[in-house]
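Student: Next come the chains, spelled out residue by residue.
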Amino acid sequence: MESFQKVITTRYGVPQSWTLRVAEEHGAYAAARRAFATMRPEEIAAEVKDANMRGRGGAGFPAGVKWGFLPKDKQKPVYLVINADEGEPGTFKDRTLMELDPHRLVEGCLITMRAIGAHVCYIYIRCELVSSIQRVGAAIEEARARGYVGSNPFGVPHAAELYVHEGAGAYICGEETSLLNSLEGLRGEPRLKPPFPAVSGAFGCPTIVNNVETIASVPDIVRMGGKTWAGMSRLPNDGGTRLYGVSGHVKKPGVYEAPVGLTLRELIYDFGGGMLRNDRPLKAVIPGGSSTPVLRPDDVVDAPAENHPLHAWHGKSHIDVPMGVDTFRALGTMLGTCCAIVMDSSVNMVEAARNLMHFYAHESCGQCTPCREGTGWLQDILDNLCSGKGTPEDAALLVDVSNNMMGNTICAFADGTAMPMLGFVQRFRDEFIQAGTRGVPAGTLGESALPLVKGARGV
Amino acid sequence: MAFALTPQAEKIVDELLSHYPTKRAACLPVLHLCQRQNGWINADVMDYVARRLQLATSEVLGVVTFYTMYHQQPVAPNVVWVCRTLSCDLRGARAIQSHLEQRLGCGVNGTSRDRKFTLKTAECLAACGAAPMVQINDHVYEDLTIEKLDRILDEIAAKTKAPHSSPPSNPSHTLTGRPPMTSKPG
Numbered sequence: 000m001e002s003f004q005k006v007i008t009t010r011y012g013v014p015q016s017w018t019l020r021v022a023e024e025h026g027a028y029a030a031a032r033r034a035f036a037t038m039r040p041e042e043i044a045a046e047v048k049d050a051n052m053r054g055r056g057g058a059g060f061p062a063g064v065k066w067g068f069l070p071k072d073k074q075k076p077v078y079l080v081i082n083a084d085e086g087e088p089g090t091f092k093d094r095t096l097m098e099l100d101p102h103r104l105v106e107g108c109l110i111t112m113r114a115i116g117a118h119v120c121y122i123y124i125r126c127e128l129v130s131s132i133q134r135v136g137a138a139i140e141e142a143r144a145r146g147y148v149g150s151n152p153f154g155v156p157h158a159a160e161l162y163v164h165e166g167a168g169a170y171i172c173g174e175e176t177s178l179l180n181s182l183e184g185l186r187g188e189p190r191l192k193p194p195f196p197a198v199s200g201a202f203g204c205p206t207i208v209n210n211v212e213t214i215a216s217v218p219d220i221v222r223m224g225g226k227t228w229a230g231m232s233r234l235p236n237d238g239g240t241r242l243y244g245v246s247g248h249v250k251k252p253g254v255y256e257a258p259v260g261l262t263l264r265e266l267i268y269d270f271g272g273g274m275l276r277n278d279r280p281l282k283a284v285i286p287g288g289s290s291t292p293v294l295r296p297d298d299v300v301d302a303p304a305e306n307h308p309l310h311a312w313h314g315k316s317h318i319d320v321p322m323g324v325d326t327f328r329a330l331g332t333m334l335g336t337c338c339a340i341v342m343d344s345s346v347n348m349v350e351a352a353r354n355l356m357h358f359y360a361h362e363s364c365g366q367c368t369p370c371r372e373g374t375g376w377l378q379d380i381l382d383n384l385c386s387g388k389g390t391p392e393d394a395a396l397l398v399d400v401s402n403n404m405m406g407n408t409i410c411a412f413a414d415g416t417a418m419p420m421l422g423f424v425q426r427f428r429d430e431f432i433q434a435g436t437r438g439v440p441a442g443t444l445g446e447s448a449l450p451l452v453k454g455a456r457g458v
Numbered sequence: 000m001a002f003a004l005t006p007q008a009e010k011i012v013d014e015l016l017s018h019y020p021t022k023r024a025a026c027l028p029v030l031h032l033c034q035r036q037n038g039w040i041n042a043d044v045m046d047y048v049a050r051r052l053q054l055a056t057s058e059v060l061g062v063v064t065f066y067t068m069y070h071q072q073p074v075a076p077n078v079v080w081v082c083r084t085l086s087c088d089l090r091g092a093r094a095i096q097s098h099l100e101q102r103l104g105c106g107v108n109g110t111s112r113d114r115k116f117t118l119k120t121a122e123c124l125a126a127c128g129a130a131p132m133v134q135i136n137d138h139v140y141e142d143l144t145i146e147k148l149d150r151i152l153d154e155i156a157a158k159t160k161a162p163h164s165s166p167p168s169n170p171s172h173t174l175t176g177r178p179p180m181t182s183k184p185g
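From first to last, the protein sequence lines stand for chains P and B. Quick note on numbering that gives the first Met the number 0: the first sequence kicks off at 0 and runs consecutively. Quick note on numbering that gives the first Met the number 0: the second sequence kicks off at 0 and runs consecutively.
Extracted from the complex, chain B is given alone in its bound form (with noise of 0.2 Å):
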């Protein structure tokens, strides 16, 4: 189904071209906009920002992929990115991100068994003062130790509520929507 987005989103669209003198210049905060909404930037998503900015789908594609922060596959309601940066490393994200991973069952870009969190390792997230850090959603948790962290993590799972249904472990669901190629175009 093609993606919309809300009408109150709409609005904030409509704001947020009336700071660039050009529509294009909304590209990246109506993707975040968008990602908000949906989860994750699909071909939909895509195709709708483009229709709404009057730019090309693969310019919208060349932008998405250019960019972290815009997730191509579907992640977990909560996404937590250990940063590994020196700074950290030298506080110990090592252990953290191990404990991530043992305790979520999963790898980096992997989501955990209850499907909760996605993990992913992250460049310096401008705490370093505070290491070793994660952030979770909008929230940094800094200082933290492996009881803190464990404490952070039985709080979010509390709150959040199983989605039923998994994101796709297999990577078939590219951006474009196609399935990916099998053999080489001729």
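Chain P on its own, in the form it takes in the complex (with noise of 0.2 Å):
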């Protein structure tokens, strides 16, 4: 297996590591004294521009454009908020930052904040997430004692507040309007757009509003430069090394840090130390959190001519595509949050969309009545199918209730839904004929997966 430099995760693992002091002994708050004591602030947005860093949150736009985005002149106070609402099934990584280097994100919360000209930077955390408050609030508290939050960080008069926000419970308040709403006290269900966050965000004003990993970049990206960090990728267009997750059937799942453009297979058998049984081969795989759509190492790429920009990997299994924003959305697919559930053959996958179409169903805020109902159905008729009690034409309910939900709704929240719904049913059809005329047998998910009983793990 390949060895990668690690950059964002390099505190990992050191004891303590979410303590200021620790955290300092191995570099901490060096490039955002370089940034405010020797940098403009156009100068440190022109680096994170350089990066080409993709936003780590799902949709991948890239995050110093995004800054670009800011009115030039400043009426209004800008607002940084920092989305920390990790909530996207199979995601966990920023989790990790947050609760292992804390200071990294405080670290870029400062230097986004001089580069953007905000004083005040609010981190939404989603209240479940109790060890992040802790860490992340407790390393604000240190920073403010040490002076690097407060009047004059690093002797520089650009005043910088960080708060944290905790949330109350909803997926949905990870889509950056909603998490606006719920910010400013309101129910979180989505805005309109536009006006764009970056013209009227958070109270009216302007407002940049960053994942946790994007804005812990943002250090590394002033330390090193921001062609340079962008030249670990293995990818044009799409910047640096980032978090990859690894979940399911694997035998050692967890987040690991690698180059942008790491394959699937990489991910599975290098980090993920391949399938957890032996006897059960790799079936299915949704490579970046549950709005992304499913993809099958037996699918090979079809690119034959030379101006497709998979034309590189023509004739090669999904899995050894590389990961990255556009070569993911030219799969057919998205690259989501890089966090990958596996799946091996034991899996139904009419059961696994049930699974996740009970938990859109959940969490869609009701505010649109094509997703509002869209969702509903979907697990009604995946409901029937687990039970025997749906039809070999319920695969094409699915995909017209599926298509009439994208696009017909305020937020992404439908499309993210509809997509993986489609993705399922499009690779996995025969299952879903077959689940319309005999149900789907018991025990096609979860119970046969692994003894809960005398330890047996990881068989």
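Simulated from the structure, these hints should not be mistaken for laboratory data. Relax, there's no trap hidden among the hints.
Each computed DSS-like pair below joins lysine-lysine, with the alpha-carbon atoms no more than 30 Å apart: (1) Lys119(B) / Lys388(P); (2) Lys147(B) / Lys251(P); (3) Lys22(B) / Lys75(P); (4) Lys48(P) / Lys75(P); (5) Lys119(B) / Lys147(B).
Both chains come to you apart, so use the hints to assemble them.
Tutor: See below:
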């Protein structure tokens, strides 16, 4: 297995890595000190733009470009809001940053506030992540005691205040405008866009909303220089290293750092240690959180035309295509949060889809009819299929309902439900038709996966 | 009796209000504070929050009913959240849940026979790499087996004094404090 340079996880595993003393011994705040003392805000922003960092929250929008959308005339205060509402099923990477290296996040916030001219930053953490809230809160207090947070960080009169804002349990609050409503003390229902948050966000003021990992990468971009940082990636236009998660049926589930452009095969078999049970091969993998359509290893890239973005991987398995925002979009899925859910041959895909559609039905905010009704219908159809009350035509019905949800709502939640639903039916149509005639046999998900008694883990 | 936060908690509210340009923005954190003190969010709590933040009680009700972490019914001293989403399901969450139901003698959203635990299911709690998992109060318990879960529950049960009054099984004690409507409004 190839070994990779660690950048964002250098302090993982260091005892007491979350304390200011240890973090500073291992390099924390050097980049912030340099950025405040020697760089103009636009120079910092230029480095981040050079870094070609695609946002790490799931949509993959270039972070440097996003910052550029702020209005040039600063008539209102600018806010920085960190999206730490990590809740996409299968995703557990930001939590490791907040628990193991909260000072990297705080340092990234400070540098970003300097770059975009913000004086207040809210870190919106879902309230279930109690340790993350405690560690990030403590890190802010330590940084404040040292003068890094406050009226004069690093001797520069650019006031910078950071506050943790706890969510209250709603997946939709990871959507940026919903998060802003939740921050303002409202129900977390998404807002119509435009105006985009960069123009009118928190409290009606220009706001940049970035993911935890995105902002935690900023100190390294400043330290190394944007171009050098970008160059660690295996792909063009998608820079740096990033956190990969792998869960489900692998021997070593966890969060690992690697360059952008790792393949799913490397993630599953090298980092993840291979399939959990040697007698059960890989059947399907959801590449980056539950909203990204499922892939199967026996599908091959069909891109004979030389100008096709995936031509270089023509004829190869989908799990051998490098994981990038653009490559995975071309593959008909999405990179999302880059946290893969791995399923072995024992899993029935109708059951897997049913699990996820229960999630979406529970989490739809209910504001838009196609989403509120659509998620409920998908759930009910799948319940019927799994309990043997379905029909072979239900596969087409799932597709029809999904198509009527896509693009018909205020936010991307409906698309994030319909896309994986369509992916399941398209790639495993036989199983859906079969479920419509015979139902789904018991024990095709969960119960049979692992003996939970006598501690017999990791067979 | 009308609800009021302790003087200590009131100081935290003042601090929270200084974080935001509007009073309303403190709604979520103040509700968390109240729930920590009162155990759940009832009509008195919402009236208090509305007065404190200069909101209409209906606005606070709207917030409370939107988010899953505000308890709209009394809960036992320990709330067990079992993650049911796919990564945990693939590693045995259903077995964990059915064991919990059996051991506690209640279904999801129910309270155990000894009134020490309320069982709830949760959607993804961002611990997929250590599935299956449960969260009990502020603590996450990962890489569970049945034995490990039993040990954890034994320890917590031993530390918990059984509450005298059971959480009402009759859900008529609703958020608004009014009995449920028996006939349609005229």
